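Enquirer: Read off the chains here:
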Amino acid sequence: MADIHELAGLLKELDDQLVGCMRCGMCQAVCPLFAQTGREADVARGKISLLDGLANELIRNPVGVKERLDRCLLCGTCEANCPSGVKVLDIFFKARAILTGYLGLSPAKKAIFRGLLANPRLFNQLLSFGAKFQKLFTKEVNDLLGSSCARFQAPIVGDRHFKGLAEKPFHKLVPSLDTPAGKSGLRVAFFPGCVMDKIFPNVAQSVLKVMEHHGVGVYMPPNQACCGIPALSSGDTDTFQKLVALNLDVFSKGDFDYFVTACATCTATIRKLWPRMADRFNSRGQLREISDKTMDVNQFLVDVLGIKPEKQTGGGKVVTYHDPCHLKNSFGITSQPRAILTGLPGYAFKEMTDAGTCCGCGGSFNLQHYDVSARIGGNKADNIIASGAETVATGCPACMLQITDMLSQKGARCRVRHVMELYAESLG
Amino acid sequence: MNKSPDSLKKEFEAIVGKDNVMTAEADLHSYSYDAAVLPSQAPAVAVRPETSEAMGKVVKFCNDNGMPLTVRGAGSNLSGGTIPEKGGVVVVTGALNKILEINAEDMYAVVQPGVVTAKFAAEVAAKGLFYPPDPGSQTVSTLGGNVAENAGGLRGLKYGVTKDYVMGVDFFDVNGELIKTGSKTVKCVTGYNLAGLMVASEGTLGVFEKIILKLVPPPQAAKAMMAVFDDMIAASRAVAAIIANKIVPATLEIMDNFTIRTVENFRKAGLPVDAQALLLIEVDGHPAMVEEDAQKVEKICKEQGATSVKVAKDAAERANVWQARRDALPALARVSPTTVLEDATVPRSKIPAMMQALNEIAKEYKLQIGTFGHAGDGNLHPTILTDKRNHEEWHRVEKAIDAIFDRALALGGTLSGEHGIGLAKSKYMKLECGLGALDYSRRMKSVLDPKGILNPGKIIGF
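Residue numbers (this note's numbering), protein chains in the order written: chain A, 1 to 428; chain B, 429 to 890.
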């Protein structure tokens, strides 16, 4: 390990961003983690102060700072509500990269990110293999939610009720596509993302059906890689940049008007984090071009295609909506998915309490801090149940996983669906 | 203190439980500051009692061991009142956050100190009652902190500040004895007004266990308006004229030209950027009175030279008026890295003179100062925009702050309208109070807290 002055020097590069925090503490009001723990080190102000302390050598223990910095859902609610406009996520991603660079990546993460994620073919093969044998190790707990739990003690799975890997991942069902623009006159590149590919292929198929219905051409090259967020949030910028490069290679051959995803997290990563964090490629116009064209599918349908579903009357099954942080906080996308849901035939839309608060997943946060993740998610599940909804819709596969676990734990009879699944069904 | 850190940790763990004692460097650092622009100071230990009983034991333990103790709610205060002493203990009240009773019949509530102000106000409103104090930090600030600092807010003019709602405070003395003061009755003259003594004591005289707060009926109607002036003096005269006409608005706020331009730049809400001053006014009460007061206020503003007065027609327009005010601090805060929010307060009639003085100070020290605030009660928030890393400029900021207080005091004003004295202003205390009052306070403190463990250094120094 290099010396502390070197680390302080690296963190000093963040100084201009750190001093913007006037320590008013307003982030306490909106942070889902602070709401559970009430600890200053869990809220943005505390973390910024820790980084400032490390940069100014008031703190000598980078491991202690890193542990506390990692306790964050990266939901961005603090940034969206910060009176001083502090770019909290920017600071956290950069600081995680600096601290990981300084302290090194854990062996497990190294194996997963560099061994697997950065080699999409190997990653796909391994998970296909897993999909075949998972039933030996798991048992079904809730048929409606399609959730399972571990048959035997398994440290990573713990008490989770999880969605198993799909029997056939999406890339096996539809390896690639290149269809011409139809009546809309538009062509989109479609990026399913890992979770959708391996766990929710039906969502990706729904997106294709929707595009076909609206006469939108789809470009979907084979061998897409992960968007990079798991690596980036662990501070592994090397793997992150490698993944960005892989994706640029496969997509740059296509010709499209928009780069569409149905995963809120992928959208936020590609649109906001690629240009900010993949600096090695900043000189490549392709990165900026793809990132600028990136759009959430709900927004694409409502804002670009201008679909105006007729408002249904006469009720039906109650559907509610959970705002993924990466749509609400990163882009302010809240009305578009609701517009789609409100127009669904056979459904009556009902708002739940605190639809805009984080479900507690936070990607790897859920793996490292399951206890508090489940407490946050438990509140979300209670609000969903209290709404009386038979279906909860959302726009992020990671939220779908977390909400499924939380509802399943409570034995709820409520389906978890992506907005696109419901919309595709309504198209007959 | 002659115990080893390990044995201290174990003894605190025995009182509040293992999970509620923090001694790691990173945890301690996160309790080393508050919202004041002052140097941070990490404590030796931070504890988070979950019961009143544990809180009392913590206080006694600290006193027995001569450890300085600083109670902390949200840490949102602006005068350094929650910056701990070296080698001291920070007692976090976050886990003591229960609303024990809301009594609609007798219109009072009993709360633990860690209850968040806005959450409390919402619970009270849900029962059809009203808790008016609304400090700017209310979404995070705690009621214990509000009482300890005597927090104010936008509604101070008509509804008063926190002290006007404190009916009683039960607190621990340094020996961990629970002292009960005040009453749930409207009238109570039993003994010394110890509850009154606790208000604004900034944690230097006792540690709150529970608080009894007065509640009032909510106003039935409200009307907001925005008056535009091309002259700050005219706007200030309008403030005085409204009060002189026996109208007491719920809220009467002022924004100077620099603040107006900054807010407009931030929100693009269509504010008049050429205006020298805006008055944002809300009258509330019985619908008929609200209607009449609103008309009178509009007339007075025009008589005093307002170039336009826009009365909000509906809830959305009313929200727009207040959004402009709420945007003042965020907008100013984004201009520069460091934001120093002061709260010099003068008698209402002296607002024009104070505004003039602030302009002169900004010029003299070559600083950007945006001023907004509670014109109705004379509580202004000159906000200095600077960069603390620029030592030369920071020196000028310190001089300017001295000058602001000099002028406020010369106008018959006070050092702090609502932020408290804390560490930031203790050095000015003798200027306002005189040595007699300071000495009296110090003698009282030395008897009640002989070892000087309760939030040392705040208000009266040492």
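These are calculated hints, taken from the structure and not from any lab test.
If you're wondering where the values come from, they're calculated on a predicted model, not measured in any experiment.
Ideal Cβ positions, reconstructed from N, Cα and C, are used throughout, including at glycine.
Misleading hints may appear alongside valid ones.
Unchecked claim - Simulated pairs of lysine-lysine, DSSO-like, Cα-Cα distance not exceeding 30 angstroms:
no.: 1; chain 1: A; residue 1: K350; chain 2: B; residue 2: K547
no.: 2; chain 1: A; residue 1: K12; chain 2: B; residue 2: K794
no.: 3; chain 1: B; residue 1: K488; chain 2: A; residue 2: K350
no.: 4; chain 1: B; residue 1: K794; chain 2: B; residue 2: K488
no.: 5; chain 1: B; residue 1: K794; chain 2: A; residue 2: K87
To be verified - Partial selection, computed: residues in chain A whose CB lies under 8 angstroms from chain B:
no.: 6; residue: M26
no.: 7; residue: Q36
no.: 8; residue: E40
no.: 9; residue: I59
no.: 10; residue: R60
no.: 11; residue: A80
no.: 12; residue: P83
no.: 13; residue: G115
Enquirer: Does each hint hold? Answer for all of them.
Expert: Comparing the hints with the structure gives:
With a C-alpha separation of about 25 angstroms, the suggested pairing of K350/A with K547/B holds against the 30 angstroms cut-off. The straight-line distance between the Cα atoms of K12/A and K794/B is roughly 28 angstroms, inside the 30 angstroms bound, and the hint therefore holds. Between the alpha carbons of K488/B and K350/A the distance comes to roughly 53 angstroms, so the proposed pair goes past 30 angstroms and is violated. Taken as a hint, the K794/B and K488/B pair is broken in the structure, with Cα atoms around 50 angstroms apart against an allowance of 30 angstroms.
Straight-line distance between C-alpha atoms of K794/B and K87/A comes to about 29 angstroms, which keeps the hinted pair within the 30 angstroms bound. Checking M26/A against chain B: minimum C-beta separation of about 6 angstroms stays under 8 angstroms; hint holds. Hint on Q36/A is violated. Least Cβ distance to chain B is approximately 11 angstroms, over the 8 angstroms limit. For E40/A, the shortest C-beta to C-beta distance to chain B is roughly 4 angstroms, which falls under 8 angstroms, so the interface hint holds.
Given the 8 angstroms rule on beta carbons, the hint for I59/A holds: about 5 angstroms separates it from the nearest Cβ of chain B. Against a cut-off of 8 angstroms between C-beta atoms, the interface hint on R60/A holds, since the closest Cβ of chain B lies about 7 angstroms away. Because the closest C-beta pair between A80/A and chain B is about 12 angstroms apart, greater than 8 angstroms, the hint is violated. Hint on P83/A holds. Least Cβ distance to chain B is approximately 4 angstroms, under the 8 angstroms limit.
Because the beta carbon of G115/A sits about 31 angstroms from the nearest beta carbon in chain B, more than 8 angstroms, this interface hint is broken.
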